[in-house]
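Undergrad: Just so you know, the protein sequences line up as chains A and B, in that order. When we follow UniProt numbering, the leftmost residue of the first sequence carries the number 1, and every step to the right adds one. When we follow UniProt numbering, the leftmost residue of the second sequence carries the number 1, and every step to the right adds one.
These are computed hints drawn from the structure, not numbers from a lab. Predicted model only: the values in this text are computed from it and were never measured. The beta carbon of each residue, even a glycine, is placed where N, CA and C say it ideally should be. Errors might be hidden in some of the hints.
Simulated restraints on C-beta separations [to be verified]:
1. B:A402 <-> A:L258: 33 to 41 Å
2. B:A197 <-> A:L114: 43 to 51 Å
3. B:T149 <-> A:F121: 57 to 65 Å
4. B:A460 <-> A:M239: 51 to 59 Å
5. A:F255 <-> B:K242: 28 to 36 Å
6. A:F181 <-> B:V416: 33 to 41 Å
Partial chain A-side listing against chain B, Cβ under 7 Å, derived [unchecked claim]:
7. A50
8. G51
9. G177
10. P223
11. Q237
12. L241
13. N265
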Amino acid sequence: MNDAAPRPGARGRLLLTIGLVMLAVLVAVMVLGPSLAPYSPSRTTPDSLAGPTAQHWLGTDSIGRDLLSRLIVGGRSTLLITFASVALALCAGLVLGLASGYLGGRVDLVVMRLLDVIFAFPVFLLAIAVVAALGPTVPNLILTIAIVYTPTLARVVRAPVLSVKRWDHVEAARSVGVREFDIATRHVLPLVVSPIIVQTSLTLANTIFTVTALSFLGLGPPPPDPNWGSMLAEARQFMELAPLTVIGPAIAIVFASLTFIVLANGLREALDVGSR
Amino acid sequence: MRDGEGMLEGLGEALSRGIERRTALRLLVMGGTLAASPRLLAQGAAPKRGGRLTIGADADPIGLDPVTTAAFSSYDFTSLLYTGLLRWNAEMKIEPDLAVGFEQPNETTYVFKLRSGVKFHNGKALDAEDVKATFDRIKDPASASPNATLFSNIKSVTVVDPLTVRFELSAPSATFLSFLATNPIGCITPRGVGDLATKPVGTGPFVFESYEPNQQFLLKANPNYYESGQPYLESVAFRFFKDQASLTTALRSKAIDMTWFKDPRVSAQIVRTSPDLVSAPGKTTRTFPVWMNMKDKPLNDVRVRRALSLAANRQACLQTVLGGSGKVAAMIPESHVGGYDGVGDMPYYKTDPAGAKALLAEAGYPNGIDLGEYIVVAANPLDVSCAQILQQQWAEAGIKVAIKPMETAPLLAMWVKGEYPTLLSVALSWSPDPDAIVSRLLSSNAYGKSMGMNDAELDAMIVGARAILDPAKRAAAYQQIQRRICDQAYVLDIYQYPLRWEAWWSYVKGYVPLASNIRSFVRTTWIDK
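Here chain A stands alone, though its shape is the one from the complex:
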């Protein structure tokens, strides 16, 4: 272990606090979404591309739907897809990374080469290909993004496992006849958690972009369900007519990814991952 005491600096604590507050906002929007929205997000009115008014705080979109309501409900959809796909990727990454790192040998070789194949594809090319092949539905989108980010997480799990599994306490556990499965999950995994948490947070930030980008390209949830990406795509050509239709979802996307980046940095300093 490290000689210096793991002391989370003031900067780390501050980042962590800010990150957690931002995350709380996102989670609130996600959980309370539809009850916060002033209107149904798919209710159209002939009053399209109107600026902010007392009824519509952010104005309306190209077919007269309340922008604020779409932003809130769209955020729920965007974030749910993001969390679900990262959760899936994390599970797969944990299993594959732990198995690969702990068991080593042939398992390691096969698993890592398979993941390398996925890793070799550019993220978007792979995502577009998979969504196009499976069809653009929400479960498919989640599955696709999970596949895309599994290799990154698996590698982050595998690397520390390779060293931790040679530590004395692991040898000790093995010598008293603890089952391999229990050694891996109880004696190795807890020691590699920190980098995984940080990487997960960073992956969430990237996933926000991937989800909204795929949705921007028309591979997200079908209309009229709102999503920050598809909202941007719809609003793009009216950018000059109604800037809020673009600025709204754009700021939301930046806020969400910034949340996870701040959180990741805060966690990195708090958990002292970098110096390990």
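With chain A held as given, fit chain B onto it using these hints.
TA: Just chain B now, kept in the frame of chain A:
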């Protein structure tokens, strides 16, 4: 806008009273400019020669041989490179072009006299043999020409002398001249010249110079063009832009002089913020229909279809999606013989969700009905928007649909084969003749079969209308056909609108946009900078 339209109509009457065509055209051009920008009143209108017109295009051509191309994106280029025996004037009336006129000794025979001294871009003179060769090529199955079915009623094309050609039809046809006048369908190509698709050779006002896909298409003036003095421009360049946003920017920065937009609100906004931009009012040529698979339950029941029609609020769709720049639609757009004017009474057009529910209950769906997937073109934001509004309107009458935006190519295949589950929307663009539109509903037509059309009475009406040569009687027949279609709710037409909204800087003079969105009038365009 309304004044401008009035002026156009007035000139149309002047035209029909026999004012010399060129004068009338010039008047028309001035009229259009005046209506758009009164400040230009004092300027004279003698065309200046030279200069280049740069046009912002939204799609690359797919083949430049008028006999084989079927892509709208090619028409921009064929309309400058090639000409035909007849053409549409600014009023969408047919006038002679390569022909100086024609005689009709009987209902099925047309004898065209050709202009003398017309040369193809390769220097060879045009004669009647070229006309015959063009139609031989259209009829030849080996060329797989999309125009073959349009001209299937031509029995023979005979060369009488080098400047006279006779067409014999198998039956009287009101559509024949419309097709001949349409570019590229009626374009004449030189005989014995191969590979026109990439090396076009025509008789048009401009000559092919170079083409770099996705970049630029260059044309230069044809010094041998047969209209005296035309074209005024030295060259025309098309620059390609993949999306509307970059087209907008390019027009603003004057990187292009002229372009067109797919959304009326974008075009209106740009013109409003830059007073020196001219925008054409645009005639409604395109309809947004909901096609139905009537081969099976539940849409084989007319009551369900009528319920869909009653539950739809067409006016609300028009207002929300197009900001009112268009009209309510029936099968035939207003710019056609017998087209629907958007206000006349049509069966099952009055929005009535309660009536729709009653019809559904009568049909055996008292608790509403789930029609499943409603397929729309993902690439057309206007279509996707309208579908979402319809989805809501239908929901109020207890009709549930799930919108599925699809890529264009597989969607078209699905439409042609009738393999969509219940509802599908794909807009119908301008076609040279109303017959081409309503013929889709014939029970013998491939489209009609794919939809499950089986209406002997409508079949007889459609076939009968083809042979009516009197325009007024023909218009009445098409009105009847449309009423029948609305009454049986075979197709739900929502709104009609221009295919594109054209816009150009005011220093571009002499240009007239056509309802068919084919830029033939670049030949009379000049630059005043």
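Undergrad: Decide, hint by hint, whether the structure agrees.
TA: Cross-check of the supplied hints:
1. B:A402 <-> A:L258: 33 to 41 Å: 35 Å, holds
2. B:A197 <-> A:L114: 43 to 51 Å: 47 Å, holds
3. B:T149 <-> A:F121: 57 to 65 Å: Since the Cβ atoms of T149 (chain B) and F121 (chain A) sit about 45 Å apart, the hinted range of 57 to 65 Å is violated.
4. B:A460 <-> A:M239: 51 to 59 Å: 52 Å, holds
5. A:F255 <-> B:K242: 28 to 36 Å: 30 Å, holds
6. A:F181 <-> B:V416: 33 to 41 Å: With Cβ atoms ~58 Å apart, the hint is violated.
7. A50: Check failed: Cβ of A50 (chain A) comes no nearer than 11 Å to chain B, outside 7 Å.
8. G51: Nearest chain B Cβ about 13 Å off; hint violated.
9. G177: 58 Å, violated
10. P223: 5 Å, holds
11. Q237: Q237 (chain A) check passes; min Cβ-Cβ to chain B is 5 Å, inside 7 Å.
12. L241: 5 Å, holds
13. N265: Violated. Min distance 35 Å.
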